[in-house]
Amino acid sequence: MSRRSGSLRTYVITRLFLTIPMLLILLTFVFVILRVAPGDPISAAYGQRLPPEQIAEVRHHLGLDRPLIVQYGSYLASVAHGDFGQSVITQQSVGAIIKARFPATLELTLAAMMIAIIVGVGLGSVAGRYRDTPVDLGGRLFGIVIYAAPIFWLGMMFQLLFAVKLHIFPTGGRIAAFAQPRHITGLYTLDSLLTGNWSSLWTSLRYLALPAITLGLVIGGVLVRLVRVHMLQTLQADYVEAARARGIPEWRVVMRHAFRNALIPVITVTGLQFAALLGGAVLTETTFTWPGLGSQLVDYLSGRDYPGVQGIVTFFAFLVIGVSLLIDILNAYVDPRIRY
Amino acid sequence: MRTQAPPILSVHDMRVGYRTPRGVVIAVDGVTIEIAEGEAVGLVGESGCGKTTLGRAIVGVLPEEGFVEGRVEIGGRDFTALPRDERRRMRGEEIALVFQEPMTRLNPLMRVEDHFVETIRAHKSDVTKDEAKRMAREALKAMGIPPTRVSSYPHEFSGGMRQRIMIALGIVLRPKLVIADEPTTALDVIVEAQILSILEDLKDSYDMGLLLITHNLGIVAQTCDRVAVMYAGKIVEIGDVRDVFAEPKHPYTQGLLRSLIHLDTTELSSIPGAPPDLLRPPPGCRFAPRCPHRMPVCTERVPVLAEVEGGQEAACFLYPGS
Amino acid sequence: MSTPASATETRRPPRVRVLPERWLRPWREAGRFPRSIVWAGAGITAVFVFVAIFAPLIWRYSGTDYQNIPRLAAPSAAHPFGTTSISFDVFARVLYGARLALEVMLLSVAISIAIGLPLGLYAGYRGGWRDRGLVLIMDSLYAFPGLLLAIVVAAFLGRGIFNASAAISVVYIPQYFRVIRNHVVSVREEVFVDAAQALGARPRTIVWRYIFFNVVQSIPVIFSINAADAVLTLAGLGFLGYGVNPPTPEWGQDLSRAIHDLASGVWWTALFPGLAIVFLTTGLTLVGEGLNDIINPLLRRVGMTGTSLIGTVAPGGAVAGESKVLEVEP
Chain A
80 MSRRSGSLRT
90 YVITRLFLTI
100 PMLLILLTFV
110 FVILRVAPGD
120 PISAAYGQRL
130 PPEQIAEVRH
140 HLGLDRPLIV
150 QYGSYLASVA
160 HGDFGQSVIT
170 QQSVGAIIKA
180 RFPATLELTL
190 AAMMIAIIVG
200 VGLGSVAGRY
210 RDTPVDLGGR
220 LFGIVIYAAP
230 IFWLGMMFQL
240 LFAVKLHIFP
250 TGGRIAAFAQ
260 PRHITGLYTL
270 DSLLTGNWSS
280 LWTSLRYLAL
290 PAITLGLVIG
300 GVLVRLVRVH
310 MLQTLQADYV
320 EAARARGIPE
330 WRVVMRHAFR
340 NALIPVITVT
350 GLQFAALLGG
360 AVLTETTFTW
370 PGLGSQLVDY
380 LSGRDYPGVQ
390 GIVTFFAFLV
400 IGVSLLIDIL
410 NAYVDPRIRY
Chain B
29 MRTQAPPILS
39 VHDMRVGYRT
49 PRGVVIAVDG
59 VTIEIAEGEA
69 VGLVGESGCG
79 KTTLGRAIVG
89 VLPEEGFVEG
99 RVEIGGRDFT
109 ALPRDERRRM
119 RGEEIALVFQ
129 EPMTRLNPLM
139 RVEDHFVETI
149 RAHKSDVTKD
159 EAKRMAREAL
169 KAMGIPPTRV
179 SSYPHEFSGG
189 MRQRIMIALG
199 IVLRPKLVIA
209 DEPTTALDVI
219 VEAQILSILE
229 DLKDSYDMGL
239 LLITHNLGIV
249 AQTCDRVAVM
259 YAGKIVEIGD
269 VRDVFAEPKH
279 PYTQGLLRSL
289 IHLDTTELSS
299 IPGAPPDLLR
309 PPPGCRFAPR
319 CPHRMPVCTE
329 RVPVLAEVEG
339 GQEAACFLYP
349 GS
Chain C
993 MSTPASATET
1003 RRPPRVRVLP
1013 ERWLRPWREA
1023 GRFPRSIVWA
1033 GAGITAVFVF
1043 VAIFAPLIWR
1053 YSGTDYQNIP
1063 RLAAPSAAHP
1073 FGTTSISFDV
1083 FARVLYGARL
1093 ALEVMLLSVA
1103 ISIAIGLPLG
1113 LYAGYRGGWR
1123 DRGLVLIMDS
1133 LYAFPGLLLA
1143 IVVAAFLGRG
1153 IFNASAAISV
1163 VYIPQYFRVI
1173 RNHVVSVREE
1183 VFVDAAQALG
1193 ARPRTIVWRY
1203 IFFNVVQSIP
1213 VIFSINAADA
1223 VLTLAGLGFL
1233 GYGVNPPTPE
1243 WGQDLSRAIH
1253 DLASGVWWTA
1263 LFPGLAIVFL
1273 TTGLTLVGEG
1283 LNDIINPLLR
1293 RVGMTGTSLI
1303 GTVAPGGAVA
1313 GESKVLEVEP
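Chains as they are written, first to last, in this note's numbering: chain A, 80 to 419; chain B, 29 to 350; chain C, 993 to 1322.
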């Protein structure tokens, strides 16, 4: 009747195996949407400017006239090799673009995530602890209104206030050309820290501030409500009541029993928010002309550069599945019940 | 039975209610009861009669919408008048409450030994971690749980073992009174027998008072010295366990005992009707609507507990003094 | 109760009905606060619905009028929200934008429910490999950023109201599916389903009625959250240049044009469409939050501590009529 807890290792291995079908499904979905769409990429991109024979030649060169199944197979094969395709417009390898611009997106999302966690977990746990007080209501209202504000609009309002009117922060871009730190990781703030380049650090932070705060606040707003609910549930839990009955002091009951346990679903939720973070990053990068993968995707889309779009979306799919895997493993590490 | 020492528990005219969206529900209405040192008292009644609420109210762990009136004395001290810190200290150290539902009463993220270390050090801060773990192992050994399991997580134990852990947690600090709420309801009869014998041992070895809350008359007969029968928030009969079970005085108790099944039972007997809605309790005696001996006075006045014969009390107009 | 004329008369299996009072019980039992949240949200939403329907009667300009309108005029009596760089009246754009927002919202939510609900019921009820397969597909879609999914679909379907709605609905189908399916799975295991079957209830139809009734309770909450999300996603699509064709008034598109105005300190082209989005979304979300507060705490409170509200839910249905959920007709 009693059960031995599975080891963390078996869990990780099993979970890894499950990743593959999910990835496959997403990749298939990407492929289907892009191929099944009306019109074909080449005509859309070059239709007006090239004669039909040249268009046919380009199509053949890119392998777009082969049967769908073959194209699908070759797509999966190239993805397995890390080849994300080639942009139709610029002829550049999408993989190279990803390598160049991913650090920017990474820096933005990491900074935003930190802000989101501080705001979300902080406000959420306080709201949950002091249920039905003005603090609680304020926290909930903040969460609702922030969520209702479109990221790009919030960004624009911040730009208006802090950049245009008050001149504290720049309106967009990532850094002034001369202020770039030496390249180690590609994250300017980190690189500046690592090389001790304080002026560069200051500049990168100034450029990072508004986009990261915008994105971070919005995601944080979502977290506030989720953390609050989990906090409420945990505070009512049976083992919390039992701990009180044993004479455990209230502060310890809240910290050790309620808060700690409430964090478990929060880890999951934060991981789930990563997808929202990525979507939000696309909007934020466009608003602040932040040179990351999000704005690149939008460029490809407006240029009808389907292979480019396919490449970036594929990469995003990998990212999302990868993060989801990491979160599950983290969860299993923290909560001994989850291990298989 | 020691009558010189003050009773370990003295509850006087306790009323406990809950504020619900539909109004105030009084779950315990004017209960007075005493438990002496080393005495085991059973508190029986059907679901919803208020016995769990009574247990919780005594220790002071009611949910937010609950409120308590009346006096509770533990070891001669007025518990309800003490400052909050002092009450917190007494919980676990002088009075312990063992809950139902062992499955959800332990923190799933904490090892069993951590539960003990936390409890012990919350009351005796000078005890080292190792010393506390040693006490934990001893307490669990007394419950029949091997010391090697001490660092396991709660979900690795069965329900019976978890209940034993709960009881061990309750007694590790040697409280003078243990309130056990349905401690064996979720368990099979073999484990139940083990736990009851452990409780009896504790009572004999440490002079521990026990309030055993249950709907199972059998275990009360086996383990308790006295028994109190509760119905709709009031105690309707109380007395020595042998007297009450051999010659129940209150019609409700009589009905309960009649409905027990033995090997030679040929016909099922039950009490017709259902317990009243405590939001709007009936006037007079609450059992009157279902009582075979109902008299006009029963719906007019509320009967009080009065001695019927040799220490046995009943709240019924059939007996003078009510 | 009719008595059979003869012992050999066949008797229909008893029909089991779910009492309609049960529907409103959570609402009636809820405190003042969650109810006022719902009313507030519904009120805000109602304002937008009103505006959407009666826009031509409220304001003299339409969203696409540009004759005789000054460019980039600051808010004034003639143009309360100012004008844009291509001489549109911002107030009119906001009013008419409500129409589009509500149309697309309703359409996309309808599509999502129409696909997600039956799939969820099917997967939950049938179980087995069909269930697992669908769950895997839906989980994969759900894991992907919603906006990106919508963008990709919208970019390739092209513009237009229906295409935009379809793109948005794709994002929420997995959500409906998951919630419904999980609910069905848990209700399927409930004892009362067994009990109904033991009472002789005809398996398929009666059980559908049970499970459906139970599961349908979770729809209103998702519906409002969904609706709120749809408005946001539409705005996102518009902002990036997808969704509907210009010059149809759409708040997101207006915002994308407003970015260029910011540098010159023009604030009204960005502020007002954005505020419209914030208010409508807040209204819808409040309805969802309020409903959630009402429906959930009852379930949570009873389940968590293991004890029911003492005295009010006595066995045998002592509480007159209120706790009866089922009724067996002879």
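Treat the hints with care, as some may be off.
As the list claims (entries may be wrong) - Covered stretches of chain C (chain A as the covering partner; in silico rule of three or more C-beta atoms under 8 Å from a C-beta of chain A):
(1) 1036-1047
(2) 1127-1138
(3) 1220-1232
As the list claims (entries may be wrong) - Chain B stretches covered by chain A per the calculated footprint, using a threshold of three residues with CB under 8 Å from any CB of chain A:
(4) 121-128
(5) 156-170
(6) 216-227
(7) 296-303
Read the hints as simulated data drawn from the structure, not as lab findings.
For clarity, every value in this text was computed on a predicted model and none was experimentally measured.
Every residue gets a Cβ at the ideal spot worked out from N, C-alpha and C, and that includes glycine.
Count residues of the region 1127-1138 of chain C with a Cβ under 8 Å from any Cβ of chain A, then say if the count reaches three.
Since 9 is at least three, the answer is holds.
If you look at each residue in the region 296-303 of chain B, do at least three have a Cβ nearer than 8 Å to any Cβ of chain A?
Coverage by chain A is violated for the region 296-303 of chain B (0 residues, Cβ < 8 Å).
Given coverage of the region 1220-1232 of chain C by chain A, checked by CB-CB distance under 8 Å (3 or more):
With 6 residues close enough to chain A, the hint holds.
Do three or more residues from the region 121-128 of chain B put their C-beta atoms closer than 8 Å to C-beta atoms of chain A?
Our answer is that it holds, as 4 residues pass the Cβ test (under 8 Å) against chain A, meeting three.
For the region 216-227 of chain B, do three or more residues have a beta carbon lying closer than 8 Å to a beta carbon of chain A?
Since 0 is below three, the answer is violated.
Tell me if chain A covers the region 156-170 of chain B under the three-residue, 8 Å CB rule, please?
violated (count 0)
Within 8 Å of chain A (C-beta), three or more residues of the region 1036-1047 of chain C
Violated, because only 0 residues of the region 1036-1047 of chain C bring their Cβ atoms closer than 8 Å to Cβ atoms of chain A.
The structure fails to meet hints 1, 5, 6, 7 from the earlier list, while all remaining hints are met.
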